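Peer 1: Listed here are the chains, written in short residue letters.
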Amino acid sequence: MTRRGLGPGAVALLFGYLFLYLPIGLLVAWSFNQSRLVSVWGGFSTKWYGELAHDARFLDAAWLSLRVGVTSASGALVLGTLAAVALVRFGRFRGRGLFGVLVTAPLVMPEVIMGLALLLLFVALEQTVGWPDGRGFTTIVLAHVTFATSYVTVVVRARLAQVDRSLEEAALDLGARPVTVFFAVTLPLIAPALAAGWLLAFTLSLDDVVITQFVSGPGATTLPIEVFSSVRVGVSPEINALGTIIVAVVAVGIVSAGRLMRARR
Amino acid sequence: MRAPGDGSWGRRALVAVPFAWLGVFFLVPFLIVAAISFAQLRIGAPPYEPLLDWSTGGLPKFNGTFDNFAQLFQDDLYVGAYLQSLKIAGLSTLMCLLVGYPMALAIARARPERRGTMLMLVILPFWTSFLIRVYAWMGILADQGLLNSFLRWLGVIDHPLVILNTDIAVYIGIVYSYLPYMILPLYAVLERQDLSLLEAAADLGARPWRAFLSVTLPLSLPGVAAGSALVFIPAVGEYVIPDLLGGGDTNMLGKALWDVFATSRDWPTASALAIALLAALVLPLALIQKLQRRLEAAGEES
Numbered sequence: 001m002t003r004r005g006l007g008p009g010a011v012a013l014l015f016g017y018l019f020l021y022l023p024i025g026l027l028v029a030w031s032f033n034q035s036r037l038v039s040v041w042g043g044f045s046t047k048w049y050g051e052l053a054h055d056a057r058f059l060d061a062a063w064l065s066l067r068v069g070v071t072s073a074s075g076a077l078v079l080g081t082l083a084a085v086a087l088v089r090f091g092r093f094r095g096r097g098l099f100g101v102l103v104t105a106p107l108v109m110p111e112v113i114m115g116l117a118l119l120l121l122f123v124a125l126e127q128t129v130g131w132p133d134g135r136g137f138t139t140i141v142l143a144h145v146t147f148a149t150s151y152v153t154v155v156v157r158a159r160l161a162q163v164d165r166s167l168e169e170a171a172l173d174l175g176a177r178p179v180t181v182f183f184a185v186t187l188p189l190i191a192p193a194l195a196a197g198w199l200l201a202f203t204l205s206l207d208d209v210v211i212t213q214f215v216s217g218p219g220a221t222t223l224p225i226e227v228f229s230s231v232r233v234g235v236s237p238e239i240n241a242l243g244t245i246i247v248a249v250v251a252v253g254i255v256s257a258g259r260l261m262r263a264r265r
Numbered sequence: 001m002r003a004p005g006d007g008s009w010g011r012r013a014l015v016a017v018p019f020a021w022l023g024v025f026f027l028v029p030f031l032i033v034a035a036i037s038f039a040q041l042r043i044g045a046p047p048y049e050p051l052l053d054w055s056t057g058g059l060p061k062f063n064g065t066f067d068n069f070a071q072l073f074q075d076d077l078y079v080g081a082y083l084q085s086l087k088i089a090g091l092s093t094l095m096c097l098l099v100g101y102p103m104a105l106a107i108a109r110a111r112p113e114r115r116g117t118m119l120m121l122v123i124l125p126f127w128t129s130f131l132i133r134v135y136a137w138m139g140i141l142a143d144q145g146l147l148n149s150f151l152r153w154l155g156v157i158d159h160p161l162v163i164l165n166t167d168i169a170v171y172i173g174i175v176y177s178y179l180p181y182m183i184l185p186l187y188a189v190l191e192r193q194d195l196s197l198l199e200a201a202a203d204l205g206a207r208p209w210r211a212f213l214s215v216t217l218p219l220s221l222p223g224v225a226a227g228s229a230l231v232f233i234p235a236v237g238e239y240v241i242p243d244l245l246g247g248g249d250t251n252m253l254g255k256a257l258w259d260v261f262a263t264s265r266d267w268p269t270a271s272a273l274a275i276a277l278l279a280a281l282v283l284p285l286a287l288i289q290k291l292q293r294r295l296e297a298a299g300e301e302s
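Just so you know, the sequences run in chain order A and B.
For the first sequence, my numbering assigns the number 265 to the last residue and increments by one with no breaks.
For the second sequence, my numbering assigns the number 302 to the last residue and increments by one with no breaks.
These are computed hints drawn from the structure, not numbers from a lab.
None of these values were measured; they are calculated from a predicted model.
Every residue, glycine too, gets a C-beta built ideally from N, C-alpha and C.
The hints are all genuine.
Estimated spans, in silico, between C-beta atoms of each pair:
{"id": "1", "chain 1": "B", "residue 1": "G116", "chain 2": "A", "residue 2": "R165", "range": "19 to 29 Å"}
{"id": "2", "chain 1": "A", "residue 1": "P188", "chain 2": "B", "residue 2": "F73", "range": "49 to 59 Å"}
{"id": "3", "chain 1": "A", "residue 1": "A158", "chain 2": "B", "residue 2": "R42", "range": "45 to 55 Å"}
{"id": "4", "chain 1": "B", "residue 1": "L98", "chain 2": "A", "residue 2": "G42", "range": "37 to 47 Å"}
{"id": "5", "chain 1": "B", "residue 1": "L219", "chain 2": "A", "residue 2": "T128", "range": "46 to 56 Å"}
{"id": "6", "chain 1": "B", "residue 1": "V162", "chain 2": "A", "residue 2": "G42", "range": "18 to 28 Å"}
Input sequences plus hints: build the corresponding full structure.
Peer 2: Structure below.
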C-alpha cells in the first residue's frame, strides 16, 4: 500500500496515543507543581516528593504491598507454571474440562464477585477450623495468588506450547528422569515467560484495590487501598508524586526488560 | 516415551496442586456465595443465618429464603443499578470500538517493523497502576481542573463544565481504562487479513470505503466480538471508576454490591447481587467461548 502524508489511520493513532498518554503526562507534570491547587501553576517544586517520603501511612502501606506482591507473585508463579504444564503436556486427563474452566474463569470474573466470594470463604473457614485467624497479610496473599495464577498460566502456557519437544525427548532418551528434564531443559527454555509471568502477577498484586478491600482487615492496608481512600476525598499532590514514581518505575522496568530480551536474541 | 509408572503419581500430584488450590479458593468460595444468597439476614457475626437447621434432630430443615432475590426485583435501587450497569457498559464498549478500531487498523496496516513498537505503546499504560490512571482524570475533569482551566483560558467557556461526578466521567474512565482490551484482539484479526482481497475489491471497482464495509469489517467480526466482550465484562462489574469519577446518581452493580456488603453489612443481599451480576455476563461469556471454539476450528482447518 502506498502512503501519502498523514492518512486518516495515522490521525486516529495520533489522537489515540494522545488520549492514552496525556492524562499520565499531566499527572507527572503536576506532581512538580508548587501549588496544592490543580488550576494554579505555582512554579516547579519537588516538595510533594519530600512530604511523601515522610508520610508513614504511605511508607507502611508500600512496604506491606511489596511483601504481599513478592509472596503472592512467587506463589502464583509456581501454581501457574504447574497448571500450564498440565494443560499443555498432559493431553487428556480426568477433570481436564473443569480444570480448564477453573484456570480461565478468574480472568473474566468481576473483581467484586471474587472479593466477596473469598471473604465469605475466609469467614466460613475461620468459623469451622479457626484458620485464618482474622484478616490481613495471609488472606490478602491467598486472594492475590488465586487471581494471579490464571494470568501466569496464560503467559507460561503460550511459551510452553512453542517449546521444541524434541529437546526434551532427546534428554529422556538419554536416560534423564522427567523431573531432571523439566529443570535442566524445559525450565531454561521457558525462563523469559516465567519472568514475564512473575512480573505480571507482581504488578497485578501491587495494583489491586477491589479484591484486597474485601479480604483485608484493620491494620493491613496495602498501598492501593491507602491511595484509594485518600483519593476519594479529592485530588492530592502527594498522590501525583506517588503516581509519577510508579510510572517511572514501570517505564524503567519495561525498557530494561526490552533491552534484556533483545540482548538474549 | 515415559516409562510406565514413572512419574505417573508425579503427574497426578503436579495437576493436583493447582487443581486443589483453585478448587478451594475459587470454586468453593463461589458455591458459598450461591448458598448465602439464599440465607436469611441476622444481626451478628457472620451476618447470616445458617442455611440448614440441624436443631430439630434427624434431617436438617431448609432455613433459606428467596427474599434476597425477590428484593432485587422489587427494589428500584437494584433494578436501576442493573439497567444502568448494562447501559454504561454497553455504550462504553461501543465507544471503545469506535476509538479502537481505527487505531488497530492503522497499526495492522503499518510497516511490519513498526508494528511492535506501536502495539507496545498501546499495552504500556496497562502496566502502570489502573488506580493512578483513573485518578489522573479527577484532576483533569474537576470543576477547577485542568480541562476547565484550559477552556477558560481559551475563552470558550465562562462557567466550568461539570463533568467529574457525572456519568460522562464514568464513560471517559471506562473507555480510557479498557481501550487496550479492545485494540489487542482487533489487531490480532486485522493483522492476519489477506490484503489481496482488498486489491481484488479495488480491481473490481470498489471504492476504499465500500471495500472496507464489505471485506475488512465482516472479516474482523471475531475480533470485534472478542474485544467487546473483554471490555463489556469488566465494565459491568466496575467499582473503582464509578466510585471515583461517578456522581451520587451513578448507580452500578459493582458499587451497589460493595455498598450493601460494607455499609449495610447485608451479606445475603450482596451475594444475591453477585449472582445477578454473573447472570448479566452469561450471554457475553457464552459468546466468547463459542467464538474461540470457532476460531480454533478455523485455525485447525487452515
